[in-house]
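Chemist: Protein chains in written order, with our numbering: chain A, 1483 to 1622; chain B, 345 to 495.
Treat each hint with caution, since some may be false.
Some, not all, of what chain B presents toward chain A, calculated at C-beta under 7 Å [stated by the list, open to error]: (1) W353; (2) Y356; (3) A372; (4) M380; (5) W408; (6) A422; (7) L424; (8) G448; (9) I463; (10) S476; (11) A484.
Hints were generated in silico from the structure; no laboratory data involved.
Glycine included, every Cβ here is placed at the ideal spot set by N, Cα and C.
This is what each chain is made of:
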Amino acid sequence: MKPRAALFVAISGALFGFGLALSTMVKPEVVIAFLLWRDMGLLLVLGGAVVVTFAAYHGLPRLMRKPWVGDAFGKHPSEMSARTLGGAAIFGIGWGLSGVCPGPAIAGLGVGNWPLLFALAGLFAGAYVQGRFFASRDTP
Amino acid sequence: MESLFPNGWGHYLAGGLVMGVGMSLLFAATGLIGGMSTVFTTVWSFFSQAPYFRDARFLSSRTWRLVYAAGLIVGAFAWLALGGEPFVTGIPAWRLVVGGFIAGFGARLANGCTAGHGICGMASLQPASILSVVIFLATAMITARVVAAFA
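Sequences are here, hints too, so could you generate the full structure?
Modeler: Structure representation (structure tokens):
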């Protein structure tokens, strides 16, 4: 990766992590309060992020031929399949049990939330088992 | 409003908007889609020779995904340095480990999590992502209720 691209990736990640901390998504207790319908804040976080990202994903390819330091604009590969939807259902069970999802698990370390290391260990192990024993042969 | 947002709402919206700006900057600068869960697969490509982890799309993205993840920690620390309160969760370790395992497995099977499907997939109006979000919100809410009933 070119140094300039790496710098943009790092700044983008830092903004994402700052937002996760500011919105208290790095606190699993806040996520669980949402899932129990005691605090609807997570909807504002998700909604705010989606609206801005929607504008970028749809507007930028019309304004620019290609990204500043990249070759082409990418797309999130979502496939309508039992694998995707079943995986989503399983993901939700783990998210509801722990209150932790991948972004906050990583960002939370930056606010000193060290027990998230337990969650990270679980996330790495889960990704290993999926890749090692449940990888699909034909789809990404 | 009080009952919907007992802890206020401004920081939620502001945080979400900043996250969106981060996703947008990543896209404008590099064209990359900033999902988070794939990093847990690509890190294994450094340690495992299993064929799945050697896939070109993991080998080619493993560097920027690590840089991106490091950025997340730096950004959250910057919030702390600017006056944010440190926080240590009281969720029991077994729930973090087991929940993390299930979430990691499911997100990789689904090829996306709350960031990949929730933000990137929904922002690109992908039907499979939108349906995935509905499904994982439902199973997460049911699970949280069951856990709360026994806790």
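Chemist: Taking the closest Cβ pair, is S476 (chain B) under 7 Å from chain A?
Modeler: 4 Å, holds
Chemist: Please check whether W408 (chain B) passes as an interface residue: C-beta within 7 Å of a C-beta belonging to chain A.
Modeler: 5 Å, holds
Chemist: Is the interface hint for M380 (chain B) satisfied, with its Cβ closer than 7 Å to some Cβ of chain A?
Modeler: 4 Å, holds
Chemist: Does the closest beta carbon of chain A sit nearer than 7 Å to the beta carbon of I463 (chain B)?
Modeler: 5 Å, holds
Chemist: Hey, does the W353 (chain B) contact hint survive, CB to chain A under 7 Å?
Modeler: Holds. Min distance 6 Å.
Chemist: A closest beta-carbon separation below 7 Å is what the hint needs, so does G448 (chain B) meet it against chain A?
Modeler: 3 Å, holds
Chemist: Given A372 (chain B) as an interface hint, is the shortest Cβ-Cβ distance to chain A below 7 Å?
Modeler: With a closest approach of 5 Å, the A372 (chain B) hint holds.
Chemist: Is the shortest C-beta separation between L424 (chain B) and chain A less than 7 Å?
Modeler: This hint holds: L424 (chain B) lies near chain A, its Cβ roughly 5 Å from the closest one there, short of 7 Å.
Chemist: Hint A422 (chain B) vs chain A: min CB-CB distance below 7 Å?
Modeler: Hint on A422 (chain B): holds, closest Cβ of chain A at ~6 Å, below 7 Å.
Chemist: Can the hint on A484 (chain B) be confirmed by a CB-to-CB distance to chain A that is less than 7 Å?
Modeler: Since the shortest Cβ distance to chain A is 4 Å, the answer is holds.
Chemist: Does the closest beta carbon of chain A sit nearer than 7 Å to the beta carbon of Y356 (chain B)?
Modeler: Cβ of Y356 (chain B) sits 4 Å from chain A, so the hint holds.
When each numbered hint is compared with the structure, no violation occurs for any of them.
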